[in-house]
Amino acid sequence: MWFLLMLVILLTNGMSAFGLKMIAAWGLPQTVKYPYLTAWYAGGLAVIALPSLLKGMRVGKKELFWGAVAGALSIGGQIAMAVALSSGVPGHVVFPVAIGGSIFVVALAGRVIFGERMNLPTALGVALGFIAVVLVGVS
Amino acid sequence: MGLLFCFLGAISFGLLGTSLKAAERSKADAAGLVVAAYAWPALLMLVRTLLLKPGGHVPAKVYVIAVTFGICAAVASLAFQVSISIGKVTVGWLTMNLSAGIPVIVSVWMYHEKLTVLKISALGLVLLSICFLFWGQVAERRAIARNPAQGG
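Chains as they are written, first to last, in this note's numbering: chain A, 1 to 139; chain B, 1001 to 1152.
Honestly, the hints are just simulated from the structure, not real lab data. For each residue, glycine too, the CB sits at the ideal point set by N, CA and C. Be aware that a few hints might be false.
Said to hold, decoys possible - SDA-like mimics (lysine to any residue), calculated; alpha carbons at most 25 Å apart, straight line:
| # | chain 1 | residue 1 | chain 2 | residue 2 |
| --- | --- | --- | --- | --- |
| 1 | B | Lys1027 | B | Met1045 |
| 2 | B | Lys1027 | A | Leu73 |
| 3 | B | Lys1027 | A | Phe65 |
To be verified - Residues of chain B placed beyond 10 Å of chain A at every Cβ, according to the derived structure:
| # | residue |
| --- | --- |
| 4 | Arg1025 |
| 5 | Ala1145 |
| 6 | Asn1147 |
| 7 | Pro1148 |
Next comes chain A alone, as it looks inside the complex (with noise of 0.2 Å):
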């Protein structure tokens, strides 16, 4: 089981950005982001409401606020790297410290707040990871 998931995640999430290039490449203009974006969310909330209120999924409050609080750390992160770009700092800078900081973020988290130990092979495959993480922001 957790194996098909990290197939799935490798698999979906590396392309889910790929369309804002894609439309960035046919030169439309900028605007066309905010009808994007509606469809890309809308689109994302139909395909796991719609099976999950089947099958009895609860949205209560405490769904809600996680998800206020997920939405509100998502925004807030891509607001500062883009006032981190506008401000003159090139991407190849940018994209790996905001996204190599928060493996390191998050692998602080889990070691101190949630008490995961890692074994060896595990450990290297993060070391390993956080350096094509921050080598793939980089090209």
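Based on the hints, put chain B in the right spot on chain A.
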């Protein structure tokens, strides 16, 4: 000043991963959480779109692409949320970020972008990292099978 915002971005995204694990620990429903996490920005973007000056034509292909990749993102979010209930948040979060290697490959194929030594090295490390993460998971499962007390 710009660098400070880079670090703020890192902290913000890091706290995002941490908050999703906290939501899992508080027994929030994974699908419900993803729905809520998509509903807020969908609403915001809808309002922003309605505030645009009328008259701008948006080609149908934009919506097709948007819905297709939005579905990809939501499936990934749900898979991540389920994965952190049975695995480590660090590994799940890292896998989310390692997936950035996939569009690099697609860009090389689709837009004939140059495959530099740096890109090849990065993709090689992505593969190597995934192998180690999978090996670590297999080793952990075996250790738990030998000593179930470790699984808690």
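Here is how each hint holds up against the structure:
Between Lys1027(B) and Met1045(B) the CA atoms are separated by roughly 29 Å; this puts the pair beyond 25 Å, and the hint is violated. For the proposed pair Lys1027(B) and Leu73(A), the alpha carbon gap of about 20 Å is at most 25 Å, so the pair holds. Between the alpha carbons of Lys1027(B) and Phe65(A) the distance comes to roughly 13 Å, so the proposed pair stays at or under 25 Å and holds. Separation of Arg1025(B) from chain A is inadequate, the least Cβ-Cβ distance of about 7 Å not exceeding the 10 Å criterion.
For Ala1145(B), the non-interface assignment is confirmed: its Cβ lies about 14 Å from the closest Cβ of chain A, beyond the 10 Å cut-off. For Asn1147(B), the non-interface assignment is confirmed: its Cβ lies about 13 Å from the closest Cβ of chain A, beyond the 10 Å cut-off. Distance check for Pro1148(B) against chain A: the nearest CB is about 16 Å away, which clears 10 Å, and the non-interface claim stands.
Of the numbered hints stated above, those contradicted by the structure are hints 1, 4, listed in ascending order.
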